[in-house]
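Residue numbers (the working numbering), protein chains in the order written: chain A, 4 to 345; chain B, 4 to 345; chain C, 4 to 345; chain D, 4 to 345.
Hint data in this document are derived by calculation from the structure and do not stem from the laboratory. Since the model is a prediction, treat every value here as computed from it, not as a measurement. A couple of the hints might just be wrong.
[What the hints assert, rightly or not] Okay, derived cross-link-like pairs now, DSSO-like style, lysine-lysine, Cα gap no bigger than 30 angstroms in a straight line:
no., chain 1, residue 1, chain 2, residue 2
1, D, Lys9, D, Lys70
2, B, Lys9, A, Lys70
3, B, Lys70, D, Lys210
4, A, Lys70, C, Lys70
5, C, Lys151, C, Lys210
6, A, Lys210, B, Lys70
7, C, Lys151, D, Lys9
8, B, Lys70, B, Lys151
9, A, Lys210, A, Lys151
Here is how the chains run, residue by residue.
Number of protein chains: 4
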Amino acid sequence: MLVVLKQGATQAEIDAVCDRIRELGFEPHPMPGSMRVAIGITGNQGPLDPALFARYPQVAEAVPVSKAWKLVSREVKSEDTVIELAGEQGRAARVGGGSFAVLAGPCAVESREQLMAAAEAVSRAGAHVLRGGAFKPRTSPYSFQGLKGGGLELLAEARRATGLPVVTEIVDPRDLEQVERHADMLQVGARNMQNFALLEAVGSSSKPVLLKRGMSARVDDLLMAAEYICKNGNYRVALCERGIRTFETITRNTLDLGSVPTIQRLTHLPVIIDPSHGTGDHASVPALARAAVALGADGVMIEVHPNPAEALSDGPQSLTPASFEKLMPSLRAIAEVVGLSI
Amino acid sequence: MLVVLKQGATQAEIDAVCDRIRELGFEPHPMPGSMRVAIGITGNQGPLDPALFARYPQVAEAVPVSKAWKLVSREVKSEDTVIELAGEQGRAARVGGGSFAVLAGPCAVESREQLMAAAEAVSRAGAHVLRGGAFKPRTSPYSFQGLKGGGLELLAEARRATGLPVVTEIVDPRDLEQVERHADMLQVGARNMQNFALLEAVGSSSKPVLLKRGMSARVDDLLMAAEYICKNGNYRVALCERGIRTFETITRNTLDLGSVPTIQRLTHLPVIIDPSHGTGDHASVPALARAAVALGADGVMIEVHPNPAEALSDGPQSLTPASFEKLMPSLRAIAEVVGLSI
Amino acid sequence: MLVVLKQGATQAEIDAVCDRIRELGFEPHPMPGSMRVAIGITGNQGPLDPALFARYPQVAEAVPVSKAWKLVSREVKSEDTVIELAGEQGRAARVGGGSFAVLAGPCAVESREQLMAAAEAVSRAGAHVLRGGAFKPRTSPYSFQGLKGGGLELLAEARRATGLPVVTEIVDPRDLEQVERHADMLQVGARNMQNFALLEAVGSSSKPVLLKRGMSARVDDLLMAAEYICKNGNYRVALCERGIRTFETITRNTLDLGSVPTIQRLTHLPVIIDPSHGTGDHASVPALARAAVALGADGVMIEVHPNPAEALSDGPQSLTPASFEKLMPSLRAIAEVVGLSI
Amino acid sequence: MLVVLKQGATQAEIDAVCDRIRELGFEPHPMPGSMRVAIGITGNQGPLDPALFARYPQVAEAVPVSKAWKLVSREVKSEDTVIELAGEQGRAARVGGGSFAVLAGPCAVESREQLMAAAEAVSRAGAHVLRGGAFKPRTSPYSFQGLKGGGLELLAEARRATGLPVVTEIVDPRDLEQVERHADMLQVGARNMQNFALLEAVGSSSKPVLLKRGMSARVDDLLMAAEYICKNGNYRVALCERGIRTFETITRNTLDLGSVPTIQRLTHLPVIIDPSHGTGDHASVPALARAAVALGADGVMIEVHPNPAEALSDGPQSLTPASFEKLMPSLRAIAEVVGLSI
């Protein structure tokens, strides 16, 4: 259910309607737009009678939402969600609403030397956000599991050195405070897309979330996972298409670019493409990154390692600093063609 | 790496070899067999020189393990793992090693009345373990999420009433103590199969684990997830095939019975089949349950609800008590043909 | 659209209704049942007015068919289709209607010696139909493509020697006459399931058809492919589940046993299971064949080769004569439990 | 096996080596390059001894080919295959080798009026090739099956009117002569990708072939299917990625753009993208077409219908002439960025 207020409704009027919704036993979710405010309602079973809001003159209309997910839907909020990430030294990133963001850095934080080299390279080439994993969810318990707390501290150091805001993965709700302290954006990985305890935890965070699509998640499941986060009060969610699992094994995953325009029509949340995990092959990453811009996505996330041959994880899909630097101008040129700023 | 001891090695001799392994910087995992003990070694990079154990006369041989997963492998332990679950009133269940176990009960614990009706029905019909969800991971945040703590208490009550041991899902590492207190077996759901924080938590539990295959998990991934649990010290793990996600939508999932004989050749862990989630349709469950026995699986998990039409979750795939009762004799008759005890 | 005649309608009355249907511009498909005759109508767009048949007193009712496929539907013909195959020396096979058929033989006909050894072994062990490929559709143009015409003649010789009816694959509509001359049943392979020119050709044959499910075919597509055959006048079609292509690669294909009960509810056509292609591994075939019986399928197709290690195609999935012979008694014992005759 | 000749080898010398290969019992496949000629050898089992060519001084080297497919491999021919299609009135198309081709037109030829409107629209907007189906392979036997011979004649008429070369589908080897007479390029559809009788037929044609990837075909299977065509002597094959079948149903298929750079590294054949079938949704087609150019593909195939709402097949995925016209300039601008000519 969605309650749309008339243009010019005051905060007090918005609050009054929210109180009314709570009084009815439901949860209000105000969605400010540039023209007018709408309030999503969750917790109801079946449609609500618009007459319930008859005594609130600022209510323009009360309309049902047709999808199973509500708060992430364009029906509830037609304008693009824009996520602003502030770094230091005046560096900042903007994801969504016509801005194309480049998130880059190593798969895993391995050492100060490795991280600094990667961070400086991607910063110099024009990336907007530094990525790097401190907590690494690995298929095998015998693989490198990340530097954990030490990795977070190195990310903070790289942030100070380059000014770039940082996105890093969280894998356990118990780590929330620690990760929040160092990261500008919290990444939920593909394997945890339906770890609902984790979704609820990041939903209560003040930091925005980068939610990666699960390997077997339909678009509906991805939007439902985002809905868990929004329902807990955190509306700053970016989705990330990183490839689904199919019968094709020549690439690491099957990057589902074909769904992206549909996702963008269904939701106001920005969509980031990860061609590194999507293909698993550094030689394919530049072409797919260019395709992502041409497609009109809201960003790309690219793995860059100073020495891919010695990477502790995902070396084969990592660009060198030189190839990343070479890629950036073509992304900018294509962005211009399709009307994105980069 | 696997160190195989000679027949008749004493506990002191086993301990001495384990100490030696720790001294080398690795982790020992003793695997008692009916004939002799083997000790799995994890934490090593590359093969170990058998000469490292030259001064231990009880070491018969030191052999490399060819698979990426070690502790769950038949190479490390050739005999079937058998999991014994004790209930009350002399009721008990045995999973693996030629015993076919029937786990049955409602998808979710909804109320005392509903749970007791289901528990008594499946007990009467001859089920060995009562299943029921107190914490429900649901795709939508607006779906019924389970009775949580209250559900666990109802399960404990049903356990006392029927004597049946209980299996129930755990979705958050922070709930471990609470769930352990009431359950005889901890279920890790398909969506959490690669929630490594949760796998590590149940790996430190004294209760056995039922690990469901993820919707997009290859058999290798499933065995790796089980390896996480064993590596943390809990070797009592049963695997559960509950259907994978494919392009076919006429069934809820695609039940991958074809992999089961292969899984049984690769691992000593028992394999349970879940035809309820596998098909999503109560009308198909009996035929698939019979197929599971004929296949030589180690058990089935079947959803039974006193009134499927009013179930808060998964009603369409739940059997009525009457149809469950009618199914059991055919399972027993087929078990006899294939040499399983039920 | 389906026109159901009253019990006891004479052939003349049936013919009159068929003429009326043709007069209206549509095609009639009489479907005799044990109780009464129904006439499927194809070629209409949208529902027909039952009043069109008002002057035919033998018409009991005219009902719309809800599925996109018509002639294969249980709505149009509720009774099981039974396909009788006559061999020589009194040997015969019955597929469907409570009879479980065992089709066995080598993947490809390689030589007289090989085929005769296989044919005699499967005959002796109690198979009902001899399978063997003369025209082999192979992924690579450099693989053995079959003995073609010479293979058909060897099959005819094996048929005379053992009395077993023969099923063999047809890959080109231009081969129809030649294959029909030697085979009792025409197999359409998975790769040709939507080769509509071939479907139309076998639809005009007097020989029954074994239609294998395509690797990416949904059940709906399989039924639509069968509908092509029936629409051309050949109603004797058996479906064959042989595994679909999914992300799981530990087996050759993913045998979709979970769909079989649904298929049997939707269509009156018999369903055969092929565990050889379904798993690709001879060690898994016996367990899956037993599962197929327990499931209530209408038959299995099993590859048997006198010397699997030297087979020109699909050796790893072929049983030896000895293991096939050992399998048969367990199939019979399970058939008895589930009420099938074998 | 590949025999590479020295630069400057004469035709007589090439012929002599080919004769030698035939004398050894194999098939020679000369592959002219801009620098030197190589001769692929098929029909051999295992590696050939280079000494077999010792007496031919023009043989520079004899090297094994590592892939299962040979003639389509970059190992055998490193330079891009370029397919030239000549229309009338000076119109021509070039597929491959840095030229990006736009193939456009209706899914099915429905009437003279419909086809002419579409043909003129796509011609005016700058398409290079007119597409249109006369023989339509349809999942249901009750769907419109195409105008067949009449459709071919209309295509020939549209070709004369616009000058555009024509690509149209062939579904039956028996139609080869008839289709060849009217088409400049023969399309083999996804459902027939492994209809080997059809592949062999078009392999013997003098017309180039557009081979669509099957819904469950791995890249290896696609290249093997192309190998069937080349092996029969027709080396002018373009591949078409049109989406594979996965669990995701929000799009009609899952367009596998991520594999395209890999395919281009493996084979010298051009790769065309079909965003119409790939997404099934006209609203997504422009974005995916732009992505295809940015990716560096060799062309796109786009469905355009003068009145999509009334199309007899695939209306929902067809662009209007206006939206197609609007799309073309952005394709040209992106082509310029990535160094393709359009």
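> Do the alpha carbons of lysine 151 of chain C and lysine 210 of chain C lie within 30 angstroms of each other, as the hint requires?
Replying inline: Holds, at about 19 angstroms.
> Does lysine 210 of chain A pair with lysine 151 of chain A here, judged by a C-alpha cut-off of 30 angstroms?
Replying inline: Satisfied, since the Cα-Cα distance of roughly 19 angstroms is no more than 30 angstroms.
> Within a Cα-Cα threshold of 30 angstroms, do lysine 70 of chain B and lysine 210 of chain D meet the stated pairing?
Replying inline: 50 angstroms, violated
> Has the given pair, lysine 9 of chain B with lysine 70 of chain A, been kept, meaning a C-alpha gap of at most 30 angstroms?
Replying inline: 65 angstroms, violated
>> Please verify whether lysine 70 of chain B and lysine 151 of chain B have alpha carbons no more than 30 angstroms apart.
In response: Violated, at roughly 39 angstroms.
> Are lysine 151 of chain C and lysine 9 of chain D close enough, with their CA atoms no more than 30 angstroms apart?
Replying inline: 41 angstroms, violated
> Is the Cα-Cα distance between lysine 210 of chain A and lysine 70 of chain B 30 angstroms or less?
Replying inline: Outside the cut-off at roughly 41 angstroms; violated.
> Given the proposed pairing of lysine 70 of chain A with lysine 70 of chain C, does the C-alpha separation stay at or below 30 angstroms?
Replying inline: 27 angstroms, holds
>> Hinted pair, alpha-carbon criterion (30 angstroms max): lysine 9 of chain D, lysine 70 of chain D. Please report holds or violated.
In response: 24 angstroms, holds
Hint check: violations occur at hints 2, 3, 6, 7, 8; the rest are consistent with the structure.
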